[in-house]
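Trainee: Read off the chains here:
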Amino acid sequence: GQNIDQPTEMTATEGAIVQINCTYQTSGFNGLFWYQQHAGEAPTFLSYNVLDGLEEKGRFSSFLSRSKGYSYLLLKELQMKDSASYLCAVIWPKGGATNKLIFGTGTLLAVQP
Amino acid sequence: ETGVTQTPRHLVMGMTNKKSLKCEQHLGHNAMYWYKQSAKKPLELMFVYSLEERVENNSVPSRFSPECPNSSHLFLHLHTLQPEDSALYLCASSQGTGGGDTQYFGPGTRLTVL
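So the protein sequences, as listed, match chains A and B.
Position in the first sequence (from 1) plus 526 gives the number in this note's numbering.
Position in the second sequence (from 1) plus 70 gives the number in this note's numbering.
One chain only, chain A, in its complex shape (with noise of 0.2 angstroms):
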């Protein structure tokens, strides 16, 4: 089977800085997604890893361990509508030319002041 394993959830400061992991065990893997959901609104696109390494974008970075099965998000300098559910999704490649996002469970970050 799939399996993609985030916490639950994370507490953090406004101004801090909070890394947010993901593990998984696919059959396949052509790359992973971050995407931020707010409650009640859409996920959004944050990221995306193919290869090895970090990816930065802002105040935002994604890193990709492909032989670990690894990523986590880091989010610097922490503000309060950061506040949010964070989903890690690895892209499956399913068979043909078709690719399916398998999705962990999220993890709600709560940003305190």
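Hints are computed from structural coordinates only; laboratory data are not their basis.
Be aware that one or more of the hints could be misleading.
[As the list claims (entries may be wrong)] A few chain A residues facing chain B, derived, Cβ under 10 angstroms:
#	residue
1	530
2	534
3	574
4	617
5	619
6	625
Using N, Cα and C, we set each Cβ at its ideal position, and we do this for glycine too.
Using the hints provided, position chain B relative to the given structure of chain A.
Mentor: Showing chain B alone in chain A's frame:
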């Protein structure tokens, strides 16, 4: 309007009702998706359409019936639902179904089945 839109945003229905969810994407994409998001569970893929052809049916009960009349519109027809079908139903679209094709989500329809 831009992006992916969904209507209605909220829906309450009885188990004997028939209703439809609508999704529209304004991104010029060729692939569209239906997902189910239940509390404390991962997003579950239900259906995938590529160029208006259904390419994935993820073992979804027949009481959910998708329809894709063109590449910009996607419907989910609902009938004789169960209370456990109450969830947030999300629509998404992407340029294609390749590995690097980012999926863009709509705001979802919050469905409650009484």
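Trainee: Have a go at the residue 617 of chain A hint: is there a Cβ in chain B nearer than 10 angstroms to its own Cβ?
Mentor: 5 angstroms, holds
Trainee: Against chain B, run the beta carbon of residue 625 of chain A and see if the smallest gap drops under 10 angstroms.
Mentor: 5 angstroms, holds
Trainee: Using the nearest Cβ pair, does residue 619 of chain A come within less than 10 angstroms of chain B?
Mentor: The hint holds - residue 619 of chain A has a Cβ within 10 angstroms of chain B, the shortest such distance being about 7 angstroms.
Trainee: Does the nearest C-beta of chain B fall within a distance shorter than 10 angstroms of the C-beta of residue 534 of chain A?
Mentor: Since chain B brings a Cβ to about 8 angstroms from residue 534 of chain A, closer than 10 angstroms, the hint holds.
Trainee: Let's test the interface hint: is any C-beta of chain B closer than 10 angstroms to that of residue 574 of chain A?
Mentor: Since chain B brings a Cβ to about 6 angstroms from residue 574 of chain A, closer than 10 angstroms, the hint holds.
Trainee: Is the shortest C-beta separation between residue 530 of chain A and chain B less than 10 angstroms?
Mentor: 7 angstroms, holds
Of the numbered hints stated above, none is contradicted by the structure.
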